[in-house]
Structure formats: C-alpha cells, structure tokens
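K.L.:
Sequence:
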Amino acid sequence: MNDRIIKALAYNGKVNVTCIDSTQIVEEARKIHNLSPVCTAAFGRLLTVTALIGCSMKSSNHKLTIQVKGGGPIGTMVTVSDNTPKVRGYVSNPVVDLPLNEFGKLDVSGAVGTTGFINVIKDIGLKEPYVGISPIITGELADDFANYFVNSEQTNSAVALGVLVDKNGVRKSGGYIITPMPDATNDEISILEKSIYEAGAISKMLENNLSLEDIITKITGDKKIKIIERNDFPKYECNCNKDRMKSAFMSIGKDEIKKIIEEDEKAEMVCNFCNKKYNFSKQELEDMIF
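Here our numbering is used: position 234 in the sequence shown is 798, and no number is missing along the way.
Calculated directly from the structure, the hints in this document are not laboratory data.
Do not rely on the hints blindly, as some may be mistaken.
What the hints assert, rightly or not - Cross-link-like lysine-lysine pairs, in silico, DSS-like; alpha carbons within 27 Å at most:
{"no.": "1", "residue 1": "K622", "residue 2": "K790"}
{"no.": "2", "residue 1": "K840", "residue 2": "K595"}
{"no.": "3", "residue 1": "K758", "residue 2": "K806"}
{"no.": "4", "residue 1": "K788", "residue 2": "K578"}
{"no.": "5", "residue 1": "K731", "residue 2": "K768"}
{"no.": "6", "residue 1": "K823", "residue 2": "K806"}
{"no.": "7", "residue 1": "K650", "residue 2": "K846"}
{"no.": "8", "residue 1": "K818", "residue 2": "K830"}
{"no.": "9", "residue 1": "K840", "residue 2": "K806"}
{"no.": "10", "residue 1": "K799", "residue 2": "K822"}
{"no.": "11", "residue 1": "K669", "residue 2": "K622"}
{"no.": "12", "residue 1": "K788", "residue 2": "K806"}
{"no.": "13", "residue 1": "K790", "residue 2": "K806"}
{"no.": "14", "residue 1": "K758", "residue 2": "K790"}
{"no.": "15", "residue 1": "K790", "residue 2": "K768"}
To be verified - What follows is a list of derived Cβ distance ranges for each label pair:
{"no.": "16", "residue 1": "T679", "residue 2": "E850", "range": "26 to 32 Å"}
{"no.": "17", "residue 1": "I701", "residue 2": "N732", "range": "30 to 36 Å"}
{"no.": "18", "residue 1": "K810", "residue 2": "K691", "range": "46 to 52 Å"}
{"no.": "19", "residue 1": "F681", "residue 2": "M745", "range": "55 to 61 Å"}
{"no.": "20", "residue 1": "T678", "residue 2": "M745", "range": "29 to 35 Å"}
Where is the CB? At the ideal position from N, CA and C, for every residue including glycine.
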C-alpha cells in the first residue's frame, strides 16, 4: 500500500493539520542504507518530518534540505525533499547498536545525541535560501522540531513522529504537525492538547489500522474536520544520474583526475542517497580533463 499525506482543517479553519503514513518511505530507506533498528527509528522520524515540511512548499522547483547533527554515535543525518514530496537522505553511521532505553524502547535520543543543532534550508526561489537553526533538546526529534518551529518560524506546533521496527523491517511509520491559527480559542487549544495526549503514538494508531482521516479526528478532537488535500505520491526517490555524478567528480580538479587515470585507469562513484554505483572508464576520465 502506498504512503499517503492528508492536509486538513479543524475547528472551522482555526487549526491546520498535516498527517502522513510514511511506512514505505522508511522501509525503502532501511533497505537502501542497511540501517540498524535504532538508526531506522531515528532516520525514519527525520524522513517523515522532512516529507511533512516538504509537502508545504509551493513549487516543484523548491528544495528542502535538513541536517541533524546531535553529537551522538549516529553522526550526521541529512534529508532532502521537493514538494511532491520525494525524499531521500543519508546517515553517517547507519549501523549504530544501543541497549534499549529505560522505557524498553529503541534509544533514539542516545543515537542522535543532544548537543548539536537542526539546520533547515529552504531554497524557494528567492535571492538567498532561508536557513533556520535550532538546538537539539531531546534527540527524540519530534520535540526538537516543535522547538525549531517556535525558534525559527515563530509558530507553536505540535509534532509527532513514530517508527515501529521489528526483525523483519518497518511495521508502521508516520507523523503529524498540528498548528493552531492565531484565532484558535483557549478552549479549542485545551481540547487539542487533551486529544493529542489521549490519542497516543501515531505508529500505534497506524498499526491499529486507523486511517489518516480517523487519526486527524482523534488527535484534534473535532469530528467535523475538513480535508483540503489528499496526496498519494510521497516516496523515497533519488534523482541522481551519471551526468550529475560526473559534475561532482570533476569538482576534485584535473590534477586529481590525472592521478586516478595514471594509477587506476578507471573510477567508481557511489551516491550517498541511494547507494547506486556509477563507473567511469579511462576514456571518460580523459574526456573530463581535455
């Protein structure tokens, strides 16, 4: 079953909600990068929130890049998205293995760390890209991105991210972002907070076969939500090709390319995002320097 994103309004347009089932995206990433369980959970959460933010961009030419570097053993995680959203990314250390945390769950915080920053770069066609930076507080990522929205985009948003993993792979993955508008009343916000708490983890709701529409109803406490967009196209997809890899390879300089020709007579490049290999023959290398 394909992943889905739904955008909805609650309380007569005073609350904006975006919700995603990202199970296939995260499973594809797990297989491509051979992720350990805790890395699957951490990277899956990041891919999920990247898709949620990416789908809010207006144009197919807009590009979102997120970097998470928290000082933990997983190292740096980078994700990229367009507005489809098609997401991709890589993890510095994809095979971190940690004991379960005190709650008997995968120790995402321990893998990510709590001493670094989230960097969000939005290239939306302006003279300079927008860059937002926010400290990592918990390493669990959902609260960290809620903190990012407050610090960098001046919006109070509730963020939930969850990935269920077992020995066979990703069972369920998803997330949501809820943003009350300025005209939301204190009573409506109180109902929201209570409903979010009572709803529990989104990964559990997905595992219990709740639809995204049902989940939005449950987390908002509003039985009259208005669906404004349904998107059945989110996916993990890399846009690499040989021409792009050639351009990247040429950036090492002609002298380095000459060395490679003399020593190896060929070269291989591997895409960080999808692990696809690109081979360049001696003739192709020589064409790069003449």
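K.L.:
If you draw a straight line from the CA of K790 to the CA of K806, is it 27 Å or shorter?
P.N.:
44 Å, violated
K.L.:
Just to be careful, I want the Cα atoms of K840 and K806 compared with a cutoff of 27 Å; is the pair within it?
P.N.:
Holds, because 10 Å separates the two Cα atoms, which is no more than 27 Å.
K.L.:
Verify the proposed pairing of K758 with K806, using a straight-line Cα cut of 27 Å.
P.N.:
52 Å, violated
K.L.:
Does the alpha-carbon distance linking K818 and K830 stay inside the 27 Å limit?
P.N.:
Distance ~14 Å between K818 and K830 Cα, so the pair holds.
K.L.:
When you check the alpha-carbon spacing of K799 and K822, does it fall within 27 Å?
P.N.:
39 Å, violated
K.L.:
Taking only the CA atoms, is the gap from K758 to K790 under or equal to 27 Å?
P.N.:
20 Å, holds
K.L.:
Does K790 lie within 27 Å of K622 when you go C-alpha to C-alpha?
P.N.:
21 Å, holds
K.L.:
Just to be sure I understand the hint, the distance between the Cβ atoms of T679 and E850 should be within 26 to 32 Å; is that true here?
P.N.:
47 Å, violated
K.L.:
Against the 27 Å threshold, does the CA-CA distance of K788 and K578 hold or violate the hint?
P.N.:
Holds, at about 12 Å.
K.L.:
Quick check: does the Cβ-Cβ distance between T678 and M745 fall within 29 to 35 Å?
P.N.:
32 Å, holds
K.L.:
Against the 27 Å threshold, does the CA-CA distance of K731 and K768 hold or violate the hint?
P.N.:
17 Å, holds
K.L.:
Straight-line Cα separation of K650 and K846 no greater than 27 Å?
P.N.:
34 Å, violated
Against the hints set out earlier in the document, violations occur for numbers 3, 7, 10, 11, 12, 13, 16, 18, 19.
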